[in-house]
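This is what each chain is made of:
There are 2 protein chains.
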Amino acid sequence: MPKPERQVLVCVNSRPPGNPKGSCGEKGGQALFDRLRGLLKDRGLDRRVMVNRTYCLKHCSRGPVVAVQPDNVWYAGVAEADLPEICAHLEGGAPVERLLMPDIPWE
Amino acid sequence: MPKPERQVLVCVNSRPPGNPKGSCGEKGGQALFDRLRGLLKDRGLDRRVMVNRTYCLKHCSRGPVVAVQPDNVWYAGVAEADLPEICAHLEGGAPVERLLMPDIPWE
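Going down the list, the protein sequences come from chains A and B. Just so we're aligned, residue 168 is where the first sequence starts under the working numbering, counting upward by one. Just so we're aligned, residue 168 is where the second sequence starts under the working numbering, counting upward by one.
Hints in this document: simulated from the structure, not taken from any laboratory. It should be emphasised that the depicted structure is a prediction, and the values quoted were computed from it without experimental measurement. Hints are supplied without guarantee of correctness; some may be wrong.
Since the list can't tell identical chains apart, any single copy or any two copies may satisfy a pair.
As the list claims (entries may be wrong) - Here are the simulated PhoX-like pairs of lysine-lysine, each with C-alpha atoms no more than 20 Å apart in a straight line: (1) K194 x K208; (2) K194 x K225; (3) K188 x K208; (4) K194 x K170; (5) K225 x K170; (6) K208 x K170; (7) K225 x K208; (8) K225 x K188.
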């Protein structure tokens with residue numbers, strides 16, 4: 168692929184079960200990553216958009232957290248069912264307002 | 168911290184010893200992450216710049232790989248000694264030309 172136009176970061180960080188913060192790993196971060204990669208391929212976006220797994224992106228209690236760069240757009244509580252809308256953003260549409268990380272202090 | 172102005176991604180992905188690609192984890196990715204966090208704090212940049220560890224960012228043979236967003240600037244073969252120059256970029260300076268990922272096909 169050429170240098171990616173966009174980079175999507177999917178937190179897959181795991182904390183031990185019972186941790187009060189929870190973690191994106193516990194909430195399905197890896198499955199989200201796998202599904203997003205598949206969708207990008209299906210839509211021919213995989214040569215324009217890079218998707219990477221990360222360790223903690225903060226906001227653990229609002230996971231799974233997904234960040235889109237260079238947009239600096241942060242999504243909270245993303246479910247697999249939300250991914251087609253996020254793909255529309257990645258295809259050049261507007262960010263998905265209802266999934267935006269609330270404007271709370273960053274941990 | 169408020170929403171970060173910049174996000175620095177440091178690959179710490181490890182492959183088994185002897186893997187022909189090598190890995191950023193093997194080449195000191197974690198130490199780089201730790202040192203960068205310290206430098207950002209020392210310079211009062213830790214409230215403006217977020218630094219995160221990632222799994223594979225590609226270009227394993229040219230690791231450790233560091234990406235700066237939303238600049239979409241990618242650095243290859245970063246050593247701890249290079250971090251002050253990268254901090255100058257993060258403070259608003261120009262990207263560090265000599266560390267830029269060469270324009271080769273993205274894996």
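Status of K208 relative to K188 across identical chains (alpha carbons, at most 20 Å): neither (33 Å within a copy, 24 Å between copies)
Intra/inter-copy verdict for K194 and K225 if alpha-carbon distance must be at most 20 Å: within (14 Å within a copy, 25 Å between copies)
Alpha-carbon proximity context of K225 and K208, limit 20 Å: between (28 Å within a copy, 17 Å between copies)
Intra- versus inter-subunit Cα pairing at 20 Å for K194 with K170: Classified as neither; 30 Å inside a copy, 23 Å across copies.
Identical-chain pair category, K225 with K170, by Cα at 20 Å: between (27 Å within a copy, 11 Å between copies)
K194 and K208: within-copy, between-copy, both or neither at 20 Å Cα: This pair counts as neither: shortest intra-copy Cα distance 24 Å, inter-copy 31 Å.
Intra- versus inter-subunit Cα pairing at 20 Å for K225 with K188: Within one copy only: 10 Å inside a chain, 30 Å across chains, cut-off 20 Å.
Intra- versus inter-copy proximity for K170 and K208 (alpha-carbon distance at most 20 Å): within (16 Å within a copy, 31 Å between copies)
Violated hints, listed in ascending order, are 1, 3 and 4; each of the other numbered hints is respected by the structure.
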